[in-house]
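S.K.: The chain contents come next:
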Amino acid sequence: MAIVTIDGRKTEAPLGTTIMEAAREINIHIPSLCSNEELNPYGACRICMVEITQGSRTRMVASCIYEVADGLEVKTSSERVLKVRRLVIELLLARNPNHPALTKIARGLGIENTSFPIDFKGCILCGQCVRTCQEVVGALAIGFESRGNTRKVTTPFGESSPDCIACGACAFICPVQVIFMEEKDGMRKIWDTEFPLQKCNKCGQYFAPKKQLEYFRKIANLPEDHFDTCIGCR
Amino acid sequence: MKKIKSPQELKRLQDQIQNSRDPEKPCITICAGTGCLAYGTQKLIDSIKAEIKKQKLDKKVDIRTSGCHGFCERGPLIVIHPQKIFYQQVKLDDVAEIIQETIINGKTIDRLFYTDSASGNKIIHEDEVPFYRKQMRIIFGMNGQIDPASIEDYLAIGGYSALGKVLGGMKPEAVIEEIKEANLRGRGGGGFPTGRKWESTKNAKGDLKYIICNADEGDPGAYMDRSLLEGNPHSILEGMIIGAYAIGSSEGYIYVRNEYPLAVNNITIAIKTAREMGLLGKKILGSNFNFDIKINRGGGAFVCGESSALFASIEGRVGEPRAKYVHATDRGLYDRPTCLNNVETWANVPLIINKGAKWYQGIGTENSKGTKIFSLVGKINNTGLVEVPMGITLKEIIYEIGGGIPGGRKFKAVQTGGPSGGCIPEKLLEMPVDFDELAKIGSMMGSGGMIVMDDRNCMVDVAKYFLKFLEGESCGKCTPCREGVLQMRLILDRITEGKGEEKDLGRLEEMGQAIIDGSLCALGGTAPNPVLSTLKYFRDEYEAHIRDKKCPAGVCKSLITYSIDKEACTGCRACARACPSDAIAGEKKEPHTIDLIKCIKCGACLESCKFDAIIIT
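Just so you know, the sequences run in chain order V and R.
Residue numbers for the first sequence follow the numbering used here, so the first one is 1 and each next one is one higher.
Residue numbers for the second sequence follow the numbering used here, so the first one is 1 and each next one is one higher.
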């Protein structure tokens, strides 16, 4: 266990806990956009930056990655922290000015609108979709293309990905809902590709992409007909 | 070649090579660094070899193609030993005369000597050239003495003696102590104490530990690591082997840019020959110490010089940094303890072991020991690589070694530390150059880039240039660097177009600090430095752009107009011929005029005019 002081409050947290988790335990909320407890720490959005002091050294760290240590002092809303957060949210608003996930954080920081010219991209490049596809689903169907401010999430070469199983986890996890997914006439469309859905042999409803069910069946080594019936009808 | 089985055998071999060489035998050393090769030195080498053969001097004269000598401004360079006659800007047509006059008749050729611009004197010997005289070339000086492809040449100047000394009875702890006592600091930019890094890696838990040489040099205008790898690859290998022994590592990597083909080639040869001679591989010099090195060629992303991105790249992943809250010395490459040092840092190691920490401590300032190699470029008379003791002043480097500013123009600033560094104004030129002093004034040592600027450089434009570079090199992972640097650059765009506002300057400073505080790695963490340092020292230039809508240096196209001074113009038509947009009219011997609608403000007229008749307002 480590004893840490967060915004003047002493608390005890097991070693290996991140500052963000330790703060949450004592109801101190640190905003985040790229962190997700189902995914490995990433530390890219930088909205969760905090100021830490250890001995004589004070510095800024990402609270979603930095782990607690005995004697650590954390400030989650010092002026230095707020300056970084305000900049980050304004920069992200320039990519996506109206999404509630961003405007809510902005308002909490006293920001109504971004002062930067808006260049609407929608995606805030938090990488949750890419990491979910890789770490949770294991399909590795999408990734980042290019670098710097031309970076974007895409399938390899922007073409139909043979690895995509149309599970839709990327669309589900996206905090700003910019991954397009649609179901119509027995087909699911995602990443510009149409995938046929499986019809339940009992109720006749389409319930999941065939490719996804096949993927699960193989991983779990299930019989051929295992997914012929939807969960509701079993 | 035969494997060397013990440090004693190594010593015997060195002595044997040294004894077999006649120091009085004439030797023509030709600089074949990348700079000189670009001048066409390969043809010169071929021609010298052919001429020597023709004159039947093969047995009497040695020819050595060496690495970079540093004085790139004056290439192609030739040094004739044993007299050390220094010929510069040598042309193909000079070859026959050099062989006939200097080699056969023992006479020198005045025309090929360097002329000291200050005194007007012709200088005969290499070490008397002012460019070299003030330098302290303990690392880089070896380049001129060896053929980088010849391990024998390296052994002949005492190469691998340090390794022999270490394996001949020094404990790993003693090696680390020596490096710590010498207070060697990392030459790649951070200036972290090398000995401490070694010690941490040694003490880290794990059987397999890695040693890496960071040769991902990427600062615009910087090429000192390149020239070391090209010119003296064995010194880097020797440093790495000693480091591996001290740390307890068995595998090493050299991460080098693929854009450095000669460096890759020379280091590949060096590794192969070192392996053949038992200096790399299993049971090095007959001991129980095993260590080998692989070369990893980088794809050219600037960010891959950052340690965690470099590891990702070696591992075959996209070169993106990750948060470094666990040190690489504990979990680096493949999550194993890793010691990453820069090319120049490794090259310092054999020297410290050979001459001792006490000797090394005698060079430099209190907290920055030894020498540093800088690439001196920009508006400077003597462009090239210079190695100077820490603590030398910027003024000495720029005026005494660099020979001042060309065309008698006025010095304005020197940019150190590459894109992450800062611009230093004239009033700070007396400042000693070391890690801490440079950091104090908002710049940094960096890997050793030094770009000199004169009164025709606009500091807002310079800051914009560096931001644009980093904007393109940002990996795009974290928000402040990816989006923040772009937005800062857009503000600078507006300022240089005359659309800046008073409040922009405060905004730039505020954003700069937040980007430094918020970025994931050192690329973003230092990206605002060029803007912040120019705002600090050249604020008046920013203000002129914003308030008066003027660019005092006459660079920013939206804010300047070209015209011709009727009094000074002789009507020579040179500018009219140079103008690509046909904007200059006027009869011969009559003053010309510029059509402002056609003028694209390219500056071709300015460069072509010999009478200073082109005016920028």
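No wet-lab data here; the hints were simulated from the structure.
Check before you lean on any hint, since a few could be wrong.
Below are the DSS-like pairs computed for lysine-lysine, each with C-alpha atoms no more than 27 Å apart in a straight line [said to hold, decoys possible]:
| id | chain 1 | residue 1 | chain 2 | residue 2 |
| --- | --- | --- | --- | --- |
| 1 | R | 43 | R | 59 |
| 2 | R | 468 | V | 121 |
| 3 | R | 324 | V | 75 |
| 4 | R | 54 | R | 11 |
S.K.: Tell me, in ascending order, the numbers of any earlier hints that this structure violates.
M.R.: 4
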